[in-house]
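Novice: The whole structure should be built from the sequences, with the hints applied where relevant.
There are 2 protein chains.
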Amino acid sequence: MQLLENAILERGRVKDGDVLKVDAFLNHQMDVSLINELGKEFFRRFGDRGVTKILTIEASGIGIACITAQHFGVPVVFAKKTQSRNIDGEVLTSQVTSFTHQRNYDIIVSARFLSPDDRVLLIDDFLAKGSAMLGLISLVRQSGATIVGAGICIEKGFDVGGKAIRDLGIDVQSLAVIKEMRDGHIVFDHDTAAD
Amino acid sequence: MQLLENAILERGRVKDGDVLKVDAFLNHQMDVSLINELGKEFFRRFGDRGVTKILTIEASGIGIACITAQHFGVPVVFAKKTQSRNIDGEVLTSQVTSFTHQRNYDIIVSARFLSPDDRVLLIDDFLAKGSAMLGLISLVRQSGATIVGAGICIEKGFDVGGKAIRDLGIDVQSLAVIKEMRDGHIVFDHDTAAD
Numbered sequence: 001m002q003l004l005e006n007a008i009l010e011r012g013r014v015k016d017g018d019v020l021k022v023d024a025f026l027n028h029q030m031d032v033s034l035i036n037e038l039g040k041e042f043f044r045r046f047g048d049r050g051v052t053k054i055l056t057i058e059a060s061g062i063g064i065a066c067i068t069a070q071h072f073g074v075p076v077v078f079a080k081k082t083q084s085r086n087i088d089g090e091v092l093t094s095q096v097t098s099f100t101h102q103r104n105y106d107i108i109v110s111a112r113f114l115s116p117d118d119r120v121l122l123i124d125d126f127l128a129k130g131s132a133m134l135g136l137i138s139l140v141r142q143s144g145a146t147i148v149g150a151g152i153c154i155e156k157g158f159d160v161g162g163k164a165i166r167d168l169g170i171d172v173q174s175l176a177v178i179k180e181m182r183d184g185h186i187v188f189d190h191d192t193a194a195d
Numbered sequence: 001m002q003l004l005e006n007a008i009l010e011r012g013r014v015k016d017g018d019v020l021k022v023d024a025f026l027n028h029q030m031d032v033s034l035i036n037e038l039g040k041e042f043f044r045r046f047g048d049r050g051v052t053k054i055l056t057i058e059a060s061g062i063g064i065a066c067i068t069a070q071h072f073g074v075p076v077v078f079a080k081k082t083q084s085r086n087i088d089g090e091v092l093t094s095q096v097t098s099f100t101h102q103r104n105y106d107i108i109v110s111a112r113f114l115s116p117d118d119r120v121l122l123i124d125d126f127l128a129k130g131s132a133m134l135g136l137i138s139l140v141r142q143s144g145a146t147i148v149g150a151g152i153c154i155e156k157g158f159d160v161g162g163k164a165i166r167d168l169g170i171d172v173q174s175l176a177v178i179k180e181m182r183d184g185h186i187v188f189d190h191d192t193a194a195d
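Heads up: the sequence lines are chains A and B, in that order. The opening residue of the first sequence carries number 1 in full-length UniProt numbering; numbering runs sequentially from there. The opening residue of the second sequence carries number 1 in full-length UniProt numbering; numbering runs sequentially from there.
Everything labelled a hint here was simulated from the structure, so no lab data went into it. All the pointers check out, no bait thrown in.
According to the in silico footprint, chain A covers these stretches of chain B (three or more CB under 8 Å from chain A): (1) 23-32; (2) 66-73.
Derived CB-CB ranges, DEER-like: (3) A/102 to B/191: 46 to 54 Å; (4) B/90 to A/2: 29 to 37 Å; (5) B/116 to A/6: 23 to 31 Å; (6) A/170 to B/116: 40 to 48 Å; (7) A/17 to B/15: 38 to 46 Å; (8) B/112 to A/104: 25 to 33 Å; (9) B/15 to A/144: 24 to 32 Å; (10) A/138 to B/105: 26 to 34 Å; (11) A/191 to B/105: 41 to 49 Å; (12) B/146 to A/185: 33 to 41 Å.
Partner residues aside, some chain B positions facing chain A, computed with beta carbon under 7 Å: (13) 58; (14) 59; (15) 62; (16) 63; (17) 76; (18) 77; (19) 113.
No experiment lies behind these values; they were computed from the predicted model shown. Yeah, the Cβ is synthetic: ideal placement off N, Cα and C, and Gly gets one too.
Specialist: Next comes the structure, spelled out in C-alpha cells:
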C-alpha cells in the first residue's frame, strides 16, 4: 500500500539490528487519519468475509484495531498480557515470546468474548517472528471460533513469521512488506503484499 | 451522559470491593460505535480549546483516545509502562501506582512527541485514585506543553482521584460519575458529571 510505504520511508527510522521504528505515526504517536486509511484498506480486503469480531493484542494493536473495526461495524477484543489479574471467570490463554523484550509471557482473553459462532479477523501493527500472532491464533482455536484472516500493517518479509502463519492456512494480508533493510535503506516486497 | 450510564447499567457488572467491570464494552471487548459517541461528546466539551494532541496510557485508554482523536483531527500519543526498552532517545518518565495490580511502575513517553507548543487533552477510561492521570500530568508538565483538560469515561466519584486532579486546576470532564455502588446497585452523580 503506497500510502503506508511512503509513511515508512518519510517518517520511519531504521536502527541497528533490523529494527524499524515507526513510533512517529503507528505505535507510540499515532496518526489516526493515516490509520483510518489502513482500516479502510483492511475492509477492502476482508469486508466480504462475514467478520463478527476483530481480535488484537495490547498495546499497539488496539488503536489500529478500533479504527479498523469502525469500518466493519464489529467490536474489538484485545488479548491482555498477563499481569492483568483483573479478568474474572473463564479465560483462554496462550504463551508468547517477545524478542524485543527477551522474555516469555502469557496472553489471556475472557472466554465470554469469543464464541464458536464468531468469525474473527486478527489485526496487529507488526509481523516479524510471528509469536504474538501465533498466540492469538491459539486463543481463537481454543474458543472454537473461525479465523477469517490476519491483517498486518507492516510485515518483515525476511523474518519467519509470515511463512509460519500462512503455512497454517491463514490468509495474511500485510499492507507493507519489507524485503530488506540495509544501511538504513528499506526495500519493499510487492509480491507478498498482494492487493 | 445517558448513553454511557445505560451501557454501565445494562452491560456492566459490580463485583466485591467497589469494582465495576465494564469489560463487555469499554476495556477488554470494545464497542467501537458506543466509543465513537463518547469521542463526539469529548469533542463537544473540549473541541474549542485548540487541542493539538491527545495523551493517554496503555492499554485500555488507547482505543478510546484514537477514536476520540478522529473528531479532533489530532494525533494520539500513549505513555508506555516501563518494560518497553523499545524507546530510544530522550524520554519523559513518571511513576504510577496500580491499585488493581498492587505495584508501582514507571510510565514513559518519548520527548519527541510532546513539545512546549502542544495543547494536550488527557483521555482515559477510568478515574478512581487518579494515579495514572497524575503520572500523565507529570509527563506533560516536564515537556512544557499545556494541559487543556482531562476527558474521563467513568469516574468513581467516591474515590479521591477526581478531587486531586481538579485541585491542580485541571478541568476534568467525566462522562459518567458513580456516586456509590452498593449491593450491585449503581447510583450516578449528575452534579459532578457537568455537561
